[in-house]
Each structure stands twice: as C-alpha cells, then as structure tokens.
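Those protein sequences? They're chains A and B, same order as listed.
Each residue of the first sequence is one higher than the last, beginning at 402 in our numbering.
Each residue of the second sequence is one higher than the last, beginning at 69 in our numbering.
Errors might be hidden in some of the hints.
With a Cα cut of at most 25 Å, we get these calculated SDA-like pairs of lysine to any residue [said to hold, decoys possible]:
hint, chain 1, residue 1, chain 2, residue 2
1, A, K413, B, L357
2, A, K676, A, R664
3, A, K459, B, P270
What the simulated footprint calls covered on chain A by chain B, stretch by stretch (three residues with Cβ under 8 Å from a Cβ of chain B suffice, anywhere in the stretch; the number is not a length) [unchecked claim]:
hint, segment
4, 498-505
5, 509-519
6, 661-670
7, 708-714
Since the hints were derived computationally from the structure, they do not count as laboratory data.
Glycine included, each C-beta is placed from N, C-alpha and C at the ideal position.
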Amino acid sequence: MSFDLVEIRDLKVAFDGTQVLHGINLSVDRGEALGLVGESGCGKSVTWLAALGLLPGKAAISGSVRIEGNELCSAPRQALERVRGGRIAMIFQDPSSSLNPVIRIGRQITEALTLHRGIGGETARAEALRLLDMVGIPDARRRFDLFPHEFSGGQCQRLMIAMALAGQPDLLIADEPTTALDATIQAQILDLLNQLRAETGMATVFISHDLGAVSQVCERVCVMYAGRIVEQGSITQLFSRPRHPYTRGLFDAIPRLDGPRTRLVPIPGTVPNPKQLTAGCAFSPRCAHSVASCDFQRPELDVMEDGRRLACFNPVLADEPTPALQTVMEDA
Amino acid sequence: MVRFVISRLLRALVTIVAVVTFAFVVLRMSGDPAQVMLGPDVPQEAVDAFRTSWGLDQPLWIQYLAYIKSIFTGDFGVSMRDKESALQLVLERVPATLQLTIPALLLKLFIGIPAGVYAALHRQSAVDRSVILLAILGFTIPSFVMGLLLVLIFSVTLGVLPSGGQDTWVHGLLPTITMSIGGIGILARFSRSAMIEVMGQPYIRTASAKGVTWSNVVWNHALPNAAVPIITIVGFMVGSLIAGAVIVESIFSWPGIGRLLVVSVSNRDLAVVQCILLMIAATMVLSNLMVDLLYGWLDPRLRRQTVH
Numbered sequence: 402m403s404f405d406l407v408e409i410r411d412l413k414v415a416f417d418g419t420q421v422l423h424g425i426n427l428s429v430d431r432g433e434a435l436g437l438v439g440e441s442g443c444g445k446s447v448t449w450l451a452a453l454g455l456l457p458g459k460a461a462i463s464g465s466v467r468i469e470g471n472e473l474c475s476a477p478r479q480a481l482e483r484v485r486g487g488r489i490a491m492i493f494q495d496p497s498s499s500l501n502p503v504i505r506i507g508r509q510i511t512e513a514l515t516l517h518r519g520i521g522g523e524t525a526r527a528e529a530l531r532l533l534d535m536v537g538i539p540d541a542r543r544r545f546d547l548f549p550h551e552f553s554g555g556q557c558q559r560l561m562i563a564m565a566l567a568g569q570p571d572l573l574i575a576d577e578p579t580t581a582l583d584a585t586i587q588a589q590i591l592d593l594l595n596q597l598r599a600e601t602g603m604a605t606v607f608i609s610h611d612l613g614a615v616s617q618v619c620e621r622v623c624v625m626y627a628g629r630i631v632e633q634g635s636i637t638q639l640f641s642r643p644r645h646p647y648t649r650g651l652f653d654a655i656p657r658l659d660g661p662r663t664r665l666v667p668i669p670g671t672v673p674n675p676k677q678l679t680a681g682c683a684f685s686p687r688c689a690h691s692v693a694s695c696d697f698q699r700p701e702l703d704v705m706e707d708g709r710r711l712a713c714f715n716p717v718l719a720d721e722p723t724p725a726l727q728t729v730m731e732d733a
Numbered sequence: 069m070v071r072f073v074i075s076r077l078l079r080a081l082v083t084i085v086a087v088v089t090f091a092f093v094v095l096r097m098s099g100d101p102a103q104v105m106l107g108p109d110v111p112q113e114a115v116d117a118f119r120t121s122w123g124l125d126q127p128l129w130i131q132y133l134a135y136i137k138s139i140f141t142g143d144f145g146v147s148m149r150d151k152e153s154a155l156q157l158v159l160e161r162v163p164a165t166l167q168l169t170i171p172a173l174l175l176k177l178f179i180g181i182p183a184g185v186y187a188a189l190h191r192q193s194a195v196d197r198s199v200i201l202l203a204i205l206g207f208t209i210p211s212f213v214m215g216l217l218l219v220l221i222f223s224v225t226l227g228v229l230p231s232g233g234q235d236t237w238v239h240g241l242l243p244t245i246t247m248s249i250g251g252i253g254i255l256a257r258f259s260r261s262a263m264i265e266v267m268g269q270p271y272i273r274t275a276s277a278k279g280v281t282w283s284n285v286v287w288n289h290a291l292p293n294a295a296v297p298i299i300t301i302v303g304f305m306v307g308s309l310i311a312g313a314v315i316v317e318s319i320f321s322w323p324g325i326g327r328l329l330v331v332s333v334s335n336r337d338l339a340v341v342q343c344i345l346l347m348i349a350a351t352m353v354l355s356n357l358m359v360d361l362l363y364g365w366l367d368p369r370l371r372r373q374t375v376h
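Just chain A, same shape as in the assembly (with noise of 0.2 Å):
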C-alpha cells in the first residue's frame, strides 16, 4: 500500500476550549505544489504548525497527521525533532526575525546539517556554502560569519530557504514566504521556489493570501475560511471557474492593472471571530450568494462532478464570468 507524502485527517486546534481548526482533510503527495490561501486568521498556517508541533503547550490538537504513514500526532517529541527540518522544513512570513539575531548564519546553516545529515566542521561549512550558492546569496565564502542583521530581508529569506534545505527535507511548507518582502523581491523568491522544486523535487506547501503568487507556484489549491477548506481543485479550475463565492471574493478583491478602469469589489464585513460561530456556514454573514439553509446547515466539503472539492449550498454558476481572473492568469 502506498501512502500521500503527508496525509492530514480531521485535525483540530483549540486555543483555551476555542477551536480554530474545524477538522482539515489534506493530502500533499510528492513533488507536488500545493498552495493554501485565505485571509488573515482563517487557520492556514495554524494547519502546519499543529502538524509539526510547533504550536505553544496551550493550544489543544486532535486528528492525526501522518508522514508515509507514520503518525506524527501523538508521536513523542524526539521523533517530532527529527520530522522537523529533517522531512518537513518551514519557512516563514518574516524572514528578518525568524532568524536568531546572535548566531552567525553560518552556524546557522550548519546546525541544521548537523542534525539532520551528521556532518560537521569543514565538510559541513562546503556543503552549507554550496547551499547558499544555490539560494542565490553572492560572495557567501566572505559573508559566512556574517549576522542575519547584515542582510537585507530577501536575502534573509534565500538564508532561511538555505538553512530548510539544509536537512533535504521532501516538504517545504513555505508560511507566506514574500508577504514582508518588496514586489521586486518576491519574484526572485518565487522564482527561486521554483527552481529549486524542479532541481530538488520536494513538495511545496505555499501558504498565501496572494493568488497571483500562488498560481506562479502551485498547482492545487486549498481556500480555507474559518478553519475549514472550503474549495480544494487545481489552479486551472479554481482560477478560470471558482464556484465557492469567497473563492469567488478573493479574485474579485484583486486590483486589475489593464483595461477598463472598475471598482474593486471586497469581500463586506470580516472574518469571523472563531468564538462566535454559528451552526451554519461560516462565511453566509458575508456571502452574496447564501440562501435560508445556510444560517443554521453547514454545507460539507464534497466532490463535484470535474473533481473539485467544494462546501457550498450554492455555490456560484459555473458559466458566471470572472472579471479579475484575467489580471491574475495573466500575471501569472
């Protein structure tokens, strides 16, 4: 029997008895790009973190996360130790400050090669070199002592990617990877995200709010809202048909640079507090598209017949057109 690379069932996260995953169904198979979007605070990084047990000693999680089938849920903490940066590397939104401001980078690098491949002193400084070679970082025989404070935020990025790679992890789950960067800059990060898929062949977990990024690197796609998916499909059904009407939102909100010049239409209202979710469906509050049942049911994720998943009573007709989603494909 052959397992998904990671197979995520029914997971739930609770902080203090309020729970902000509602049970993630997810699989991500090898090689494979999957992008996760949705705002702020609708659980796509909390997803990962409870994965790897990053999450503080508060937060309550429930479900099982399985590597080629071994559970990583209840697994005990040295077996988590090597899962982390060893099978599954992250790295973050904020690349400047997720590096540790009094170790030189070097060590940095070095430790994580250490750990998850067992070598050290010269053999692992070459290795650690010809990893931030491939990263992009120039002169790095000079700047290898260096600070992260001495490099500017992309850079410290291509040295967080750099340091994942360090473990060949057969996951990068990337949190929002360009979001502090400049537009100039996350290009190059995309496009380095790329690149070292194709050379590596890792699977890349992108997790964004910026579709546009999503489908230069992704492609599958989560939506979530709220703690649960509420669309899953490949880029091309997601972004030429979306069908879940805050799918539907996210490519509306996006700003058009050609043509005529519209209005931008945003989604009304915010997300949710997660303590005050109703029986229904989350996102019916701001949902142009909700009908009576959708205040007290709450629509399953369920396959349709071009093998999206989707959580919608009803959902947005397939042949309505997309105004924004030529901007995005094209961009893309």
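Once you have looked at the hints, place chain B on chain A.
The following block gives chain B in isolation, referenced to the frame of chain A:
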C-alpha cells in the same frame, strides 16, 4: 572599538569627578567636623586650632583644589578620628564586605536566573506562580525587615545561627542570605520576563522547526538572546559589591565598609567618607563599563552601533 572604549572611559571619569565633588561639597555644608569631633563644650581656641590643622579654615574652593590635587598623587587624606591613612582604613574593611557580598552575588545569580528561566519555560504552572510570588516578596520586603525576621527565626526562636559578629563563617550566613534575597527576587523576575519575551520570538519557532532539540533551543538559541537584559541587572549588582552592604552590616554588626561608612558619616570623618564614596563610584562605573562591553559581545547588532 578603541574610540568607543576611550569615550566610555572619559565619561566614567566625568561621573567619578561629579560624585567626588558632590560628596565634598555636601559633607562640608552638612556639619562641622570640629564640633562633632571635639564635642559641644570645648573652648573656641581649640576649635580654631582643630580647623587650622585640618585646613578647614581655608575657603571651600581652595580646600577642594587641594583635595583633588592630593587624590591625583594617590593621597586620600587622613582620618580625623584614627589619624591613620583613610585609604588604609577603608582597604582594611574591604575583605570583610566582600566576604558577604560575593557569596550573596553568587546566590543571586545561581538561584535567581535559573528560577526565572524555569518559570518562563513552565508558564502558568504552579512553579511559575510560586516563583513570581516569592520574587515579589523577596524584593518588596526591605532588607532591614528581612534581616530582623531571619534573626527572629534562626537566632531567637530556633537558636541555630548567630545573630551578629564575624567570628566564623557561620556568622556570615544570615547577613549573606539577607542580602541575597532581594537580588534573587529581582533577577528571577527579570530573567523570567526576558525569557518569555525571547521564547515568543519568530527565531525560536525557526529553531524548533528545523529540528533543534528542546534543550538546545533553550540553551543555544534563547538564553544568549535573553542575556542582554539580564546582564544589565547583574551589572548593577556587581557595581554594588562594595556599597551594597551598609544596612545589613549594621544589623549584623559586621565590620565591613558599610559599617565604616555609617560611623564615619556620623563622626564627620571627611577623608574616610570621601574615600569610601570614591571607591563606590569607581566600582559602579567600572561595572557599567564592563556591561557596555559585554552588550557588544552578546549582541552583534549593538556591536555595530558602538563602532560607528
């Protein structure tokens, strides 16, 4: 770096001169040594003779210049009471004070910091709450109350420890403990909050995410970052190694610098008081200087600013 050290040394010198000047002026304005030394009923001639012999009849600024000049030649004056070199008198008392303050400092460091770090790593636990409570008690209870309380318990009630004197090392126990309790509390609180702050930083999550073991996350990734605020407090404690024992030495009749200071102030023994204050200022300034240098060693971001 050299420029930084030189500029800090100059500032240290200015601080010391300010302290010396302040002590000199205030001491001479706040009472007449002749009256105190000779008593209230002596004839005016005796008072005048005393003043002339100690140079107290000169204008204040001439006395001051003479004093500064003699300091630079290594002469710290003579005690009006014992007629001995003031420096000699003070230096004789230093070992006794250090016998209390150095063990007290070690207690503060080796109990306060681990307690604070442990509490931070086990936040909201019973241990954490107890550490906070004890720390607050420790540094809010003044040392004279704490000292008397300990005497009441260990000397009066239990009769296991002596309440004063300097005969054996056992006599040093109560004063040392009294002195260390406040510092333990302060260091525990500071280490706890510094560590909580650091453990919430993104780079700690990064370290965990790359598979670093928990103990190495704490030791190699968190503690070096928490060290900067902790070292500031430790610097103050090192700086007060000489001065910190005034009250406790008086309570436990321990013949150190603190007792000498109290006695010399009430006797208006000018040279001795000035010599002690100079020494206190110098240790405080010196330890601050060391802390500044340590900052740069601990945190490379500060190193850069200091070089420019």
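The hints, checked one at a time:
| no. | hint | verdict |
| --- | --- | --- |
| 1 | K413(A) with L357(B) | violated, 53 Å |
| 2 | K676(A) with R664(A) | violated, 33 Å |
| 3 | K459(A) with P270(B) | holds, 18 Å |
| 4 | 498-505 | holds (count 7) |
| 5 | 509-519 | holds (count 4) |
| 6 | 661-670 | violated (count 0) |
| 7 | 708-714 | violated (count 0) |
This entry does not satisfy hints 1, 2, 6, 7, going by the numbered hints stated previously.
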